[in-house]
Amino acid sequence: MAKPTINTDSEVQVLEAVGGNASSLHQNWSGNLKYAVVGMAFGVVFVKAEIISWFRIQEMFRLESFHMYGVIGSAVAVGMLSVWAIKKFNIKTLQGEEIPFHPKPFHKGQLFGGLLFGLGWAMTGACPGPLYAQIGSGFSVIIVTLFFALLGTWVYGKFQHKLPH
Amino acid sequence: MRHICAAVLPSGIPYFQYNWKKEIWNLYFVGGITLGAVLAAVLLANPNPVVVTPGVLNYLASFGITDTNGLMPSQPFNWSELLTLRGALLMPVGGFLVGFGTRYAGGCTSGHSIMGLSMLQWPSLVATCCFMAGGFIMTNFILPFILAL
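Taken in order, these protein sequences are the chains called A and B. 1 is the number of the first residue of the first sequence in this note's numbering; add one for each residue after it. 1 is the number of the first residue of the second sequence in this note's numbering; add one for each residue after it.
This is chain B alone, in the form it adopts within the complex (with noise of 0.2 Å):
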């Protein structure tokens, strides 16, 4: 991400200024996810439903969230719907929280969460606490109102 930044938006913000090309292999990596999500939906693609939890279900219906097809339900997140209350709240508010907050709290899931937590970083605790209480909070709190929209 950072790194992406420093490369196709030279700002002369101090923070973006390093030597990015040393981290060429991100991108590398981040396309490399890319392709092999292609891979795995292409080749190795589950054919049935995914499997969600009755609770779950139910809730999302009520919200007109039926289509259990892919792995992400396709009645928000499509391309006409960015155009909606609902869709241009999650998707476009949803990635700026996600730039935004990983990059404020230095590390994202895998970088506190998983690495940190390894290295027994309390620093990484506090953070991944404050990730999962974000989470709930949006989710059992925001989110309802937001897919009623």
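Looking at chain A on its own, in the form it has when it is part of the complex (with noise of 0.2 Å):
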């Protein structure tokens, strides 16, 4: 019944697999309000570390400051150091489930949708996460970029099927 599609999101894959990166366990509202509350400190830090700030983005495709190659660097070093405890120790969820790593198959999108997302990255200072983060700083008319944000993966949703992979 289920028609073959492509999939070459690894996000997909990961939903796709057996409990994946959805809990399998029902959760209610109350439940989820510890996501808002961790998504709340990730906002403060985008402000506070001026990762949401566009000039930021400018200075490190300038090569004109340290800045946001320091805060990838050491958000990359913190990473492995938590991939690692969390398969040395068997580390689970909030649900006490187990953390599944999927391996990120390789596909021609990692270098056609990787250079558009570049370009956009530049335009307007932000990956998608610190849109909010924009906005909630003040900056309200990014509501807009962040409509054409949605606009762009509902067109790449549509027209998957047509693009090389």
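No lab work stands behind these hints: they were computed from the structure. Glycine included, C-beta positions come from ideal geometry on N, C-alpha and C. Honestly, I wouldn't trust all of these hints.
Said to hold, decoys possible - Stretches of chain B that chain A covers, calculated by requiring three or more beta carbons in the stretch to come under 8 Å of a beta carbon on chain A: (1) 25-34; (2) 58-69; (3) 75-81; (4) 91-104; (5) 124-130; (6) 135-143.
What the hints assert, rightly or not - Over the 10 Å line for every Cβ pair with chain B, so calculated as not near, a few chain A residues: (7) GLY70; (8) PHE89; (9) ASN90; (10) ILE91; (11) LYS92.
Assemble the dimeric complex from its two separately framed chains, guided by the hints.
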């Protein structure tokens, strides 16, 4: 019944794997609040570390400041440590489920999509998460950027089967 | 992103046909990011102008962008400039590229550059290099023309 579709998005594979990123256990409204709290922590950090600053992105791509390289580099270092710790100590999710690590298979989208995202990144000074923080920090006009980012996501979904992968 | 699309734009596209309700925590998360940014901007505000390297300052000033009071310059990024050519290119087109590009690449700076590299995935390294290449191309070769509009 399910038609085979091109499935190159690592996130989809995660979603379709058993349990995956989505918890298979039921979560109610209040259970989801903890994600909002973690989100708020992210929002504060995004603003205070100036990761969402258009100026910092310009500096990064004009090789005038180490700021963003330092942020991304230390995030990778912490990420590596976390991945190592999760594997080593078999850390479970809050619902007590295993945390699966899925390999990200290579496809051409990482080249084309990556380049396109890079262009947009330098224009807007944000990747998807920080867009929300830009809005929250007082730039209401970024709602327009967010709307078009959603549109871009939708268009990708619409034409996914026609794009080279 | 994708979850909002799945939730609000039911369109019979296979890519969006999955149980988005299971992923609802994402929406709480981005809601939290927005609130956190409001908190940081209101309660923890930095009263001083954002520190920008002199090179970038001079470069931006040559396009009439001199406002460093916020994290973004209000000159191209405000509602009235949305209707100018410069604003219409930067925000809608930039936003579209961000949305389309991240989904096409299968992840963004956090998914590929931070998590992917942490897990030593070479496709993520490829994606990260492409993000950076796109950014360098835009900033150094295309943006000067857009900002001059």
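Right, here's what the structure says about each hint:
Counting residues of the segment 25-34 of chain B whose CB lies closer than 8 Å to any CB of chain A gives 9, which reaches the minimum of 3, so the coverage claim holds. With a threshold of 8 Å between beta carbons, the proposed coverage of the segment 58-69 of chain B by chain A holds, since 3 of its residues qualify and at least three are required. Beta-carbon proximity to chain A at under 8 Å applies to 3 residues in the segment 75-81 of chain B; the threshold of 3 is reached and the given coverage holds. Counting residues of the segment 91-104 of chain B whose C-beta lies closer than 8 Å to any C-beta of chain A gives 14; at least three are required, and the coverage claim holds.
Only residues whose beta carbon comes within less than 8 Å of a beta carbon in chain A count, and the segment 124-130 of chain B has 6; three or more means the coverage holds. Judged by the Cβ-Cβ criterion of 8 Å, the segment 135-143 of chain B is covered by chain A as claimed, because 8 of its residues qualify and three suffice. Once the 10 Å rule is applied to beta carbons, A:GLY70 is consistent with being away from chain B; the minimum gap is 13 Å. The claim that A:PHE89 lies off the interface holds: its Cβ sits roughly 16 Å from the closest Cβ of chain B, which is beyond the 10 Å cut-off.
Every Cβ of chain B is farther than 10 Å from the Cβ of A:ASN90; the closest lies at roughly 16 Å, confirming the non-interface assignment. Under the 10 Å C-beta cut-off, the non-interface status given to A:ILE91 relative to chain B holds; the minimum distance is some 15 Å. Under the 10 Å C-beta cut-off, the non-interface status given to A:LYS92 relative to chain B holds; the minimum distance is some 16 Å.
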